[in-house]
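Q: Listed below, chain by chain, are the residues.
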Amino acid sequence: MITSSAATPHTLARRLLPLQIGVALQGLILWVPIEKLFMTQIGFDAASVGVMAAAYAAVVPLLEVPSGILADRWSRSWVMILGCVALMISSLLGGMSHSVIAYVIAAMILGIYFAFSSGTVDSIVYDTVVEETGSNALYEKWIGRTRAVESAAFVLSSLAGGVLAQYTSARFTYFVTIPLVGLAIIAFLRFHEPRLHQAAERVTLRSHIALTFRTMITSRTVLRVLFLVAAAGLLTQAVFEFGPLWLVEQGAPAVLYGPYWAVLVSTFGIAGLLIAKLNLERRLMLAVLIILSLTASLLLTWTRSLTVLVAAQVVLGLVLAIIGIHAGRLMHDAVPSSIRAGVSSGAGTMTWVLFLPFSLVFGWAAQENGVHWSGFMLAGAVVVVGVLLVVSVRASRGVAPVEVAATAKEAALEVAESGDEVACKQFVELVADYLDDALSPEMRTKFEQHLAGCDGCSTYLSQTQQMIAELRGLSVRDAQSTPEQTH
Amino acid sequence: MKISIARMIANLIARGRALGSRFAWWSRWFPHATTVDADRFQGDDDSYPDHWKEFPRPWPAGHAVEPKALKAALAALPDPWRLVVILRDVNGQSPADVSAVTGLTEEQQRDVLNRAREQLRENLDRTLQRDKGRS
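In order, the protein sequence lines correspond to chains W and U. Take 2 as the starting number for the first sequence in this note's numbering and just add one per residue. Take 72 as the starting number for the second sequence in this note's numbering and just add one per residue.
Same shape as in the complex, but just chain W (with noise of 0.2 Å):
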């Protein structure tokens, strides 16, 4: 898998580039740090926001999905420019904007945005990866470069939307997002696609959502994948929801608000530099990475200085970033192309669903016991998040290049050695092994005597042996699935 990708990167590099200059101008968003004001400038109070926050969070999880299986079916590349005429009509409403309702308004065709590029860009750089180098061993160096890239136009809207809001108005940051995200479009038209999602055949909308739906559902490895890209999004939300409250229990002053947020903002791009470097099939890794989030958000309820706080949370904020890209790959891997962004979006929803609840009681129990208490409910999601890690990268089975999990195989081995004869649930272990002859012949005798003695495991073989016989009656093209199919 290394060997193979490494003589290409020059032109995966060139192909992502326009998507990456999408993805920068798509994200600086100008009015973002200045919209609280802007907001109370036209007249929310305390309760409104609360009323827009719940608008805007019905409109992101019911869209998801849908969009999701539209990128499947359709384009991503025009997803993502769905998405972009969404924020262009949302800064144009939300500059305009004088009254609360008005504004709301603009805040929920904000979340058709929200909806439309969460799960689309990560499922266009993986297919993109495969396409260009045959693997996807450096899928997670590309989405780290992308999320970099996303991250430092993050930093820099704050910042410079700050200053032009100081200078003009706070309605002027609004409208001038809009060229800018209109220039994102081009560069999501200069982009060419990958089409791995529509190598696949044409199948009908229903059976798609039905399989989208079915593969979260029935498929225990994705389920339990997409509950820790769940679990890992949900407790970096927490984080940046919820973070700021811990600096205002401490009286921080005002001044350090700004830094204290492009800190954690920028612990996005770091991790996504960071993960390049990383191995985190190794269980080292792992465990050094839980250890310091655990630490880092035990460290929240116990501290009372501003610097420990502050450092404390930038390292949950890279921890989970990491541990948010690794398992956003293995979820990749668990699902073939066609319903890539279909299922990257229910891990999107599960989020939300999940945050719900989650900031309720949290924000319940802040208000009871002080917000140092509510910290051990980070606590409490980081071991969630650690076992989902710690499990899925160990039946993770997909290839690593590295390791391979522990397969029943060794087990079932052991099982046939130690007594007479071979049983059906080692059989069936053992059959690549037969075919290609890499049975001892203690093994191979035990093996053929079984088969000859059971129905079953008869049938089995032959099945096997005949769809391998169709496989090889298949070009590359076939089995790879030809583009003409597609239309």
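Take every hint as true, because none was put in to throw you off.
Pair by pair, the computed Cβ-Cβ distance ranges are:
no.	chain 1	residue 1	chain 2	residue 2	range
1	W	Ser220	U	Asp168	26 to 34 Å
2	W	Phe377	U	Lys124	43 to 51 Å
3	W	Leu452	U	Pro120	15 to 23 Å
4	U	Asp108	W	Glu415	16 to 24 Å
5	U	Lys139	W	Phe377	53 to 61 Å
6	W	Ala288	U	Ser165	33 to 41 Å
7	W	Gly135	U	Pro129	35 to 43 Å
8	W	Arg215	U	Gly163	29 to 37 Å
Hints in this document: simulated from the structure, not taken from any laboratory. For each residue, glycine too, the CB sits at the ideal point set by N, CA and C.
Got chain W sorted already, so can you dock chain U onto it with the hints?
A: Leaving out everything else, chain U in the frame of chain W:
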């Protein structure tokens, strides 16, 4: 006594090495991912532990596997698995070739191949039994 203890320790070390080099240490805490769903075999309390609960259903005689069904089944495989199947079964390349391309050991690519083939067989089986029910 001394000899048996020494032998026990030697065995333990050998086992530990074999395990330690390949798996993460926690792997023994969890059931292994099996090729065929473990529920399809009888449990320890049944009359034939580890044997099929129900035999795999034979495919209708003379009924060839349709390339269309095969392609659909291939498309449903995770990408890395499909790569191994294409190299081994479609191209007919050797395990060593696969190792060179994927970086897996021959042993590992066989594990992947075995499970990918089973997923394909299972998928074809579902299609064939459904078609049989229809006609």
